[in-house]
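Once you've looked at the hints, dock chain B against the given chain A.
Okay, here's what each chain looks like letter by letter:
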Amino acid sequence: MKTRAIYIGICGLLLGAIVHICIIFLIPLLGEKDAAKRIVNNSQTNRFEKLTASSKIGLSNGDPFFQLSTCKFDLADSGVEVTGDRTDLFWSASVFSSRGRVLYSLNERTAIGNKLRMIVVNPIQMASIRQIQPEELETSIVVETSEQVGFIIVRALKRDQSWASTVDGFLGSLQCLPYTGQS
Amino acid sequence: MRLATNLAIIFVIGLLIGGLTAQFAIQRTFGVGAISAGVWSAWPFVGGAEVDPYTAARSTVDGAIPLGAAEGLAFETLKDDQGNALLRECNYVLYGNTPAARFWTLTAYDLSGNVIKSADGTVAAVYSGTLVRAPDSSSRVTVSDQPGSGNWMRLEGKGTFKFVLRLYDTPITSSAGLSEPELLRLQKLECV
Numbered sequence: 000m001k002t003r004a005i006y007i008g009i010c011g012l013l014l015g016a017i018v019h020i021c022i023i024f025l026i027p028l029l030g031e032k033d034a035a036k037r038i039v040n041n042s043q044t045n046r047f048e049k050l051t052a053s054s055k056i057g058l059s060n061g062d063p064f065f066q067l068s069t070c071k072f073d074l075a076d077s078g079v080e081v082t083g084d085r086t087d088l089f090w091s092a093s094v095f096s097s098r099g100r101v102l103y104s105l106n107e108r109t110a111i112g113n114k115l116r117m118i119v120v121n122p123i124q125m126a127s128i129r130q131i132q133p134e135e136l137e138t139s140i141v142v143e144t145s146e147q148v149g150f151i152i153v154r155a156l157k158r159d160q161s162w163a164s165t166v167d168g169f170l171g172s173l174q175c176l177p178y179t180g181q182s
Numbered sequence: 000m001r002l003a004t005n006l007a008i009i010f011v012i013g014l015l016i017g018g019l020t021a022q023f024a025i026q027r028t029f030g031v032g033a034i035s036a037g038v039w040s041a042w043p044f045v046g047g048a049e050v051d052p053y054t055a056a057r058s059t060v061d062g063a064i065p066l067g068a069a070e071g072l073a074f075e076t077l078k079d080d081q082g083n084a085l086l087r088e089c090n091y092v093l094y095g096n097t098p099a100a101r102f103w104t105l106t107a108y109d110l111s112g113n114v115i116k117s118a119d120g121t122v123a124a125v126y127s128g129t130l131v132r133a134p135d136s137s138s139r140v141t142v143s144d145q146p147g148s149g150n151w152m153r154l155e156g157k158g159t160f161k162f163v164l165r166l167y168d169t170p171i172t173s174s175a176g177l178s179e180p181e182l183l184r185l186q187k188l189e190c191v
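The listed protein sequences correspond, in order, to chains A and B.
The first sequence begins at 0 in numbering that gives the first Met the number 0 and counts up one residue at a time.
The second sequence begins at 0 in numbering that gives the first Met the number 0 and counts up one residue at a time.
Keep in mind that the hints are not guaranteed to be accurate.
[Stated by the list, open to error] With the C-beta cut set under 10 Å, the calculated list includes, among others, these residues of chain A facing chain B:
#	residue
1	F24
2	L29
3	A35
4	L50
5	F89
6	P122
What the hints contain is simulated information worked out from the structure, not anything from laboratory work.
Quick reminder that beta carbons are idealized off the backbone N, C-alpha and C, glycines included.
Isolated chain A, as found in the complex (with noise of 0.2 Å):
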């Protein structure tokens, strides 16, 4: 008797090793919450959003004194450019894989110039844009990933209500459109 209590006891921790080990690796894979797949699936390629609670990506967890707006892009015809405007705002921006890993990320003090202009694109473009070398490499990121969809988040800072005008100025100004080097 004491044995077969044993016994199950054995069996009943191993399976449960198990399920414990299966359950923290489907998480990410099954998922629903998960804020790069609601990007993802539910935002257009090559078109910046804002990020609101009411929009169709919604949102939770943010911060409030920061306005993102995102952008979803796919590198299998051509590389992707975003630029903003220049302005006085405190602004970041991050380079997602579609599985939400952050590959590249700036503020406006390490971008160029203050200025929001960054190019990604898969290694075969990398190489197709150096041999043309465009003008615009001077002044740009170049962010290289083999990752061929991805999006980008860029975070504006709203100090306060009196910024909202500034911030939406900002945002409204992004552009997120395919890049091929050739003008």
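This is chain B only, laid out in the frame that chain A set:
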């Protein structure tokens, strides 16, 4: 028959232990992949390429968009300095210095991750740029449902909540500075 009972017991034990430990591993505010400073914990590698499975699972459940290393780092806590769970019916004071950063924000969230708002729509959040500071540049924020002197964050309602302290453009995200940073102390005052 006996075999079936044995298998059933094994199954129940396995599912219970596996499920509960998995939930515990994800929900607790410390542990795998975290760095901690006092009561605060942060996951600096949450957005990184080499993220561990626990941090990945946690960020999925959380539903948040992680901050990149050049953007900042978010610390959170569910407890005060004495180890008690944070309760919205209590008053708190946060004081002290924060690591080098361009600015920081402090926000109160309920446990499902929504920013706490009071009845008149005030958001329970403060921005370091608008705080009154002591001569040694330390700051002191009182958290209460009644207005107070100095820096005040309005917090109403009942139940547990968490504080998130986000440091923006801070050098501590580079691994060189990951030794324990000094963050705001969090003390409970009276409860109503």
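Checked hints:
Hint status for F24(A) relative to chain B: holds, with the closest Cβ pair at about 6 Å, below 10 Å. Using the Cβ-Cβ criterion of 10 Å, the hint placing L29(A) at the interface with chain B is satisfied: the shortest such distance is roughly 9 Å. Against a cut-off of 10 Å between C-beta atoms, the interface hint on A35(A) holds, since the closest Cβ of chain B lies about 8 Å away. With a cut of 10 Å, the hint placing L50(A) at the interface with chain B holds, because the nearest CB-to-CB distance is about 8 Å.
Given the 10 Å rule on beta carbons, the hint for F89(A) holds: about 7 Å separates it from the nearest Cβ of chain B. Below 10 Å, beta-carbon pairs count as interface contacts, and P122(A) has none with chain B, the closest being about 16 Å; its hint is therefore violated.
Hint compliance for this structure: hint 6 is the single one not met.
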